[in-house]
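Chain by chain, the residues run as shown.
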Amino acid sequence: MKVTVEPSIFSIVKYDADEIAGVAKEMLTLLGMESTNLTIEVDETIAMSRVTTTMGDPVHVLAMSAAFENLKKPMTFSADNTKFSLGRGLLRVRDRLTPNFSDAPADEDLSIVEAATWDTYCVGRLSRLGLKVHKQRWHYNFRNRHGFNDATDKHFATIWESDDLTWSQLTEISRHAIA
Amino acid sequence: MRKFFPVQDLARDERFNQATNEERMADPRGTSNTGVIRKARSTNRLTPARPDATDAARSLMHGIMVGEIQALEGAGRTCFDFVTGEEAPFELKLDMARQCWDEARHVEISVKLSEWMGTELGQFVENTVLFAAACSQDPVLRLAGVNRALEGLAIDVFTTMKEFGELAGDPYLAFCEDWMLADEVTHVKMGSVWLRKITENDPERRAKALEFQSVVDKIFSYGGLRSESDESPILLARRFRELAGFSEGELTEIADVSLAALNERREALEKTLATSPA
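These protein sequences, in sequence, are chains L and R. The numbers in numbering that gives the first Met the number 0 rise by one with no breaks, and the one at position 21 of the first sequence is 20. The numbers in numbering that gives the first Met the number 0 rise by one with no breaks, and the one at position 277 of the second sequence is 276.
The shape of chain L in the complex, shown without the other chains (with noise of 0.2 angstroms):
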C-alpha cells in the first residue's frame, strides 16, 4: 500500500502530513484493503468533516479538514476522528470495489438521504471492528433524513447491524424508512 498526503505542509491547521498517512495505513490493514494506494488531499481552508472517494489508482480522497480534527481544540489533529472519518470513505471504496455496489453513484453525487444510509452501514460495521462511535449521533442523522418515528428506528437498526448488504438493498430499506 502507498499513501500520499497533499499538502506535505500544512499552513493553517496544525497536522502532519505522515501522521495522517500512518493513520490512513493503519485502517487500510484494519478494512482488508492492503493492497489499495491513497492520495489524501485535506481542503485546510474549510472547517467542514466530509470525505468524498474517487476510485481509481491511486484512489483519491478529499478531506475537509475537520474530519481530522480535535473538536475540543480546534486546528489541532486527532487520531481518533481520523480513523473514523478515513473509516467511513474507505469502507465506502470497499463496497464499490465489490459487484455489490456498481450501481452506486460517485460520491460527488450521493443525495443526502443516501449518504446518510451508507453512513449507517458504515458506521455501523465501524463499531463492530472495534472503533469508538456514538450511535445515537448516527442515528439522529439517520432520522433527519428519514424522519423522527418508530418505522424509522427499526429500519435504522437493520442497516446499522447488517455487514452484507448490496446497493440496492439498502435503497430499498431507505425508501421504506421515509415512506
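Straight line, CA to CA, 25 angstroms or less: simulated BS3-like cross-link-like pairs of lysine-lysine: (1) R:Lys-111 x L:Lys-72; (2) R:Lys-111 x L:Lys-131; (3) L:Lys-72 x R:Lys-217.
It should be emphasised that the hints constitute simulated quantities derived from the structure, not laboratory data.
Dock chain R against the given chain L, drawing on the hints supplied.
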C-alpha cells in the same frame, strides 16, 4: 464569597476544554462557498438541506448548552457582585434571579437535546466569550453586553434552531427551542428596560453602554456566524428582536456590524491562503 469572578476561573470538569474568543478568531477557516471557499454549497444557512446539517446542528446545540451555563453564571454574578440599592436596584436583581432560574432550566433542556442529537458533553470546545461580556464592573454595561447583545444573539440562534427542527420534523428540537426563545425575548426586554431606566438621566453612561453592546455584538458575530447574508449559518431574527425592544435603527446597525464581521473573516482567509505555500 468572591466578587467579580474572572473568566479564566470558571469551574468545569475534565470533559470541557475552553477557548478564548481570540483563540477562536485565530481560526480563519470557513464553511461557506464564497471567495476562496467555493466548493461546499450555495448557501451557508443552517437548514436540514445542508449536507453537514446534522453535525452543524449538533455543534451549535453544544454551543447553546455552554452558552446557557455561562449565562446562568453571569446573571448569578450580577445578583451578587453589586450592592443592592447603591449599585443596582433590588428589582433589577430580582429580574436577574428570575433569569438564573430560566438559564438553569435552559441548561437542563440543552443537555437533554444534546444527548438526543448524539453529542457528548464537552465534545466541542467551549468559547468563553459569553461570560467575558458579563465581567464588566458596571451593571449597565453587563445588561447591554449580556442581555441585549448576547441574549439578542440567542434569539437569532433559537429562531434558526426552531426552524431547523420544524423542517427536519424533529418534534423535541422545535418544541424546546420555541420555549427557550420565549424566555430569551423576555431577557432581552429586561435588558432594554433596565438600560433605559438606569441611564435615564445619564446620557454619557447610556452611550458607553450602547457602545459596549455594539462591541459585543461584533464579537458575537465572529466570522459572520449571524447576519442577514445567506453566507451566515444564523439569520438575524428581526421580528423577535422587535418584540424584545430593539428599534429599527438598532437592528440595521446589528445587521451592518454582522456583515462587516463576515467580510473581515473572508478577507482574513483570503490573506492566509495568499501567503501560504501552494
